[in-house]
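Listed below, chain by chain, are the residues.
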Amino acid sequence: MNAAARGHPVRLVVRDDLQRSRLTVFFRLLLVLPHLVWLTLFGAAAFVLAFVMWLAVLFERRAPAPLHAFLASFTRYAVHLTAYLCLAAAPYPGFTGGDPYPVDVEIDPPARQGRWGAGFRLVLAIPAFVLSSALGGSVAIGNGYGGAAAGVVGGLTLVVAVLGWFAALARGRMPRGLRDAAVYAIGYGAQATAYALLLTDRYPDATPGRAVPQPELPTHPVAIAVDDDLLRPRLLVLFRFPLVVPHLVWLTLWSPFVLLAALAAWLVALVVGRVPWALHRFIAAFVRTWTHVLAFLTVVGRQFPGFVGREGGYPVDLTIVPPAPQRRLAVAFRLLLAVPAVLLSAAYGWVALVVGVLGWFAALATGRMPAGLRDLGAAALRYQAQTSAYALLLTSRYPDSSPALHARARLDPPPLLPDAAGAA
Amino acid sequence: MRALRIALCAALVGGWLALAWLLFGTVVPDGLRLPHVDVDAVFGRSVVERAERYERFLLVLWVVETVVTLATLAVYARVGGRFAEESAAGPLGTGMLLGMLGLAIVWLTQLPFAVLELWWSRRHDVSHVGYFETLFGGWVQLGVTFVAVCAALLVVMGLARRLGSWWWIPGAAVFTAIAALVVFVDPWVYPGLDRPDDPGLVARYDRLERAQGLDGIPLRVESVSDDTSQANAFAFGLGPSRKIVLWDTLLDGRFTDREVDVVLAHELGHHAGDHIAKALGWFALFALPGALVLMLATRGLGGMGEPRAVPLALLVATVWAIVTTPAQNVVSRRAEAEADWKALQATRDPVAARGLFREFAVTSLGDPSPPTWAYLLLETHPTLAQRVAMADAWAARGR
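Here the protein sequences come in this chain order: A and B. Heads up: the first sequence begins at 1 in the numbering used here, then just goes up one per residue. Heads up: the second sequence begins at 425 in the numbering used here, then just goes up one per residue.
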């Protein structure tokens, strides 16, 4: 666990080895039923006590230790259950939230909190809830919203769970990228829950990759480079959507030619096992332009993007390696093979949309894009670009579903950006 | 070289004047004297007062809005170049960004005026559009406008970067070609047009069409009664795309069949007089000096090929549009007067024409005799009093 992550009072701890029992994976939804019933009862008690906690913090400016312990147990229990449900962890979880679990949270003891922040906590938590819903990383939030017996795991986590179910059944292992995506969503959901339940007054941190920092990011032929400050001129933020309409028209006109080029590339690659350089360059420029435009639209990028997808031409840029040999069989069935990635890409697209909406309000109000949101948006765009690149034959490497944007070295102190611990 | 320039300029001026003379022709008889119309007697004092009160507010609003717009654009012309740093799109893309931002700022400053105008129109039961729609429904339209501005800047900046200070001649030609294309295509993509379901209306339309020597121009009805109570109709398209459109507010029983016939004949008169093709000709005639003015004004900033010249170009284009509006309105009013004359010739019903124009003052709250400055700057049609006078003049000649 790095220092920056330790700085947050609610920290995810991951000790999962990715091994999964096929039998428990197959029956996972049935196995979890008793927990969902218990979650409803536990959640109802937590809801009542959260109100008492709210009054206590309003008057005392500090959570009473027993209440804090109870709600912390509920939060931990929700994390365990979510992790089990979406296959981010293997063992059957306990019912109290007090036992250690491979995907767990550490929650600091009660600390002094501001009255204003506590008084308007539910209002302040709305953006975090919205993002958490898009990530789908908390049955507690799903339960709190719906009050249903079955907590809701939706958004990114739902797609991860479905894809992970098939993968774990086939291989007896959860793919690391999928696990990391789920763990990230769970971590954010835990911080959002803890914030709403007044366990902490620190806003959830959306920076991806903090939960399971990696010494080195796996290299991928399609990588994203973020060299963008967080300042956003409000005028450009306000008119972000209409400003991008000419790009959308341009990309719509461009896309039929890209499809034709991809078809030609497919035929050539089937014969010679490699995509011709000219076609590769043409398709890569299109994918890069899309990424630039989406980065601008979702406020992940500051500057108005160009129209031709020049490499190095935008602060949130894609690096796409030159054409390399590809296996003909994988080329022949490329569209079929791309289906899981397309599903996950759609979920990441939803996340990017939410990032864009929240970022729009934040940047309009403060003139800055929150660092965590910016990085999450960049990670979502990277996955979408990698999926497009895979489907359009720019690379034979499958998209990397982990949301980590930076290796451990860049997450360690000093922080990457002055307000990196800041809010999403 | 100097002689060549002078010769070229002389040829352009000569060509301009010749084309203007050709386009200015009309079938309204030379020396037709319009009789004096006692506005109060024809329209009724109370109607005139109500229309004057309604229009007075809108005129004041227009003046203030125009001043604010010009002031905004003047400020933007000074400081807008700074936003070039916010672009990674190269010179052309940066020019587009600066153009779109300028329009966006203008749109923002005009929003309060749009709300005030809506409030006034709703108060007088002329408009039924909601405030929410006015405030938030314009974003898509703004996006479409942005695309048009980008296309225009692409043409201008692309030509300016290739041809230097001579871009304005092919530039005007390209703009005219684009305008012709838009005018030609528009009737086929215009949404929400229905065939008329009244066989009597269709039969009368066919008769009026034949009377003006036309054939096969479709008549369509546009449903606008949810948004406004104003009555209107228009002719658009070129060649095979020509169409006539009636607003359904003309068919809601407030106007007699004979009055609707006058409207139909008027719109057919536009097609019979080739007014849309002529309007394109006028567009070309105004675009040429407009482009020249733009070139001269932006020369100090490196010309229209430089993105930083775009904010100034927006200001110059707006000023040019305002300055030339009286001349353009003269042309427009002349075409409308000719269409009125053709309508009278086709219907031979000056009484219905009189009734129609009187009704317009009631339903649309049009001031029958607006102030001269407003007439010169804003009126694209003859005033209602002038139109009644023309009907009277036609009747007098007939007698």
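Calculated from the structure, these hints are not laboratory results. Please note that a few of the clues may not be correct.
[Said to hold, decoys possible] Facing chain A, from chain B, some residues (calculated, C-beta under 10 Å): (1) G505; (2) F507; (3) G517; (4) T518; (5) T533; (6) F537; (7) L566; (8) T569; (9) V571.
[Unchecked claim] Rough simulated footprint, nothing fancy, chain B against chain A, three-plus residues with beta-carbon under 8 Å: (10) 229 to 239; (11) 242 to 248; (12) 295 to 304; (13) 309 to 318.
This structure is a prediction, so every number in the text was calculated from the model and none was measured. For each residue, glycine too, the CB sits at the ideal point set by N, CA and C.
Outcome of the hint check:
1. G505: B/G505 check fails; min Cβ-Cβ to chain A is 14 Å, beyond 10 Å.
2. F507: holds (7 Å)
3. G517: Constraint on B/G517 satisfied, holds at 5 Å.
4. T518: At 7 Å from the nearest chain A Cβ, B/T518 passes the 10 Å test, so the hint holds.
5. T533: violated (13 Å)
6. F537: violated (19 Å)
7. L566: holds (5 Å)
8. T569: holds (8 Å)
9. V571: holds (5 Å)
10. 229 to 239: With 5 residues in contact (Cβ-Cβ under 8 Å with chain B), the coverage given for the region 229 to 239 of chain A holds.
11. 242 to 248: Our answer is that it holds, as 4 residues pass the Cβ test (under 8 Å) against chain B, meeting three.
12. 295 to 304: holds (count 3)
13. 309 to 318: This one holds; 3 residues, not fewer than the three required, reach chain B with a Cβ under 8 Å.
Of the numbered hints given earlier, the model fails hints 1, 5 and 6; all others are met.
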